[in-house]
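Take a look at the letters that make up each chain.
There are 2 protein chains.
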Amino acid sequence: MNTIQYPSKLLKNAVLSFTELPGIGQKTALRLVLHLLRQPRENVENFGHAIVTLRSEIKYCKKCHNISDTEICDICSNKQRQTDILCVVENVQDVMAIENTQQYKGLYHVLGGVISPMDGISPGSLEIESLAKRILPENIREVILALSTTMEGDTTNFYIYKKIAHLGIKITTIARGIAVGDELEYADEITLGRSILNRIDFNFNKGNF
Amino acid sequence: MNTIQYPSKLLKNAVLSFTELPGIGQKTALRLVLHLLRQPRENVENFGHAIVTLRSEIKYCKKCHNISDTEICDICSNKQRQTDILCVVENVQDVMAIENTQQYKGLYHVLGGVISPMDGISPGSLEIESLAKRILPENIREVILALSTTMEGDTTNFYIYKKIAHLGIKITTIARGIAVGDELEYADEITLGRSILNRIDFNFNKGNF
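Those sequence lines, one after another, are chains A and B.
Position 4 of the first sequence, counted from 1, bears residue number 4 in the numbering used here, the numbering being contiguous throughout.
Position 33 of the second sequence, counted from 1, bears residue number 33 in the numbering used here, the numbering being contiguous throughout.
No wet-lab data here; the hints were simulated from the structure.
Heads up, some of the hints might be wrong.
Any copy, or any two copies together, can satisfy a pair, since identical chains are not distinguished.
To be verified - In silico SDA-like links for lysine to any residue, alpha-carbon gap of 20 Å or less:
(1) LYS63 x ALA132
(2) LYS162 x GLY112
(3) LYS105 x ILE4
(4) LYS59 x ASN43
(5) LYS9 x THR53
(6) LYS170 x LEU145
(7) LYS9 x MET96
(8) LYS62 x SER77
(9) LYS59 x LEU37
(10) LYS59 x GLU42
(11) LYS62 x TYR6
(12) LYS12 x ILE58
(13) LYS62 x GLU138
(14) LYS9 x LYS63
(15) LYS12 x GLU45
(16) LYS9 x VAL44
(17) LYS12 x VAL44
Keep in mind that this is a model prediction, so the values were computed, not measured.
Using the sequences and the hints, build the whole thing.
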């Protein structure tokens, strides 16, 4: 596909722009571009405009570093939320996923990634320092570490723990275990092992069944 | 996923723009948009610009209706090509696919689709009239019908045949048969049946082996 011949430079530019997106090859890019060509001009201009505006005007919340249209995001400025509990997540998608569960009413802190020396992501390039700095002034009582269960996630958990343990607050992590709907025989042995060690009281009223 | 909550309207607009592309749902759209947010501002502006420019400045060749940067496309204006043979195709991708084989040196005629009453595509919305009109003035000797082997493709073939048969030129269609590399036992019976009826002389020198 590298030697593909385009009948037009404009077409080629648009296709190559699309191929820079993750998971989009030349064939898919061509299909998307030809789809856009068949749309009304106004729609295509809105599409281009939405992307450029997003990049130039998007803000990050000064408190939690989540994506926001304003200086302080809707979650941080929501008076209904519990302000003494912080959930530490990797990125925006994780905030959206947790919000979608409607089970959490506290605040967030978006790190912007996890520590990964292989990808050149050091603690300094993440929002860890700002996390440590907001705990005392904001009277945070509990920090929930909700990072991925990967080597990088565990490393980051440990690094954050070392940074904030001396502040004397409660530090928790989300429960690891067998996913709802999964069968035991197909669960990996580490997850299954941990789920036995960290077993919880069977309580029908709390939903632990 | 319909009740998904976005932390920002700008983000939501960009994601919803992407979901209008074929085969891109909200999760993929979000992934693409967040990828763009991590890119340098200049790159994102180029991306948006490439798309808007494409839509507003693209031309269609006046002779063959292929996508082009100029009034007459590179293929039609190429003096090295055989000008008395026309290959009728559905769209731009088909021109690119045939050009990629490097086996055809004639000209093209892009219909812009195939007749499909179900999708509201009538012969009048395709470039069939313009095809019939260019045959005599351009001294076309042969028309190759290279449409998909679908009901719609066959209908369109037949319609074009009826339109141009009286001009007394040669009308051919691309060979249907077992694809190179395919095994007979897995071929469908219509293809296999046709490949026996339309068998060709075994000729090592012409590549028919």
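Hints the structure fails to honour: none
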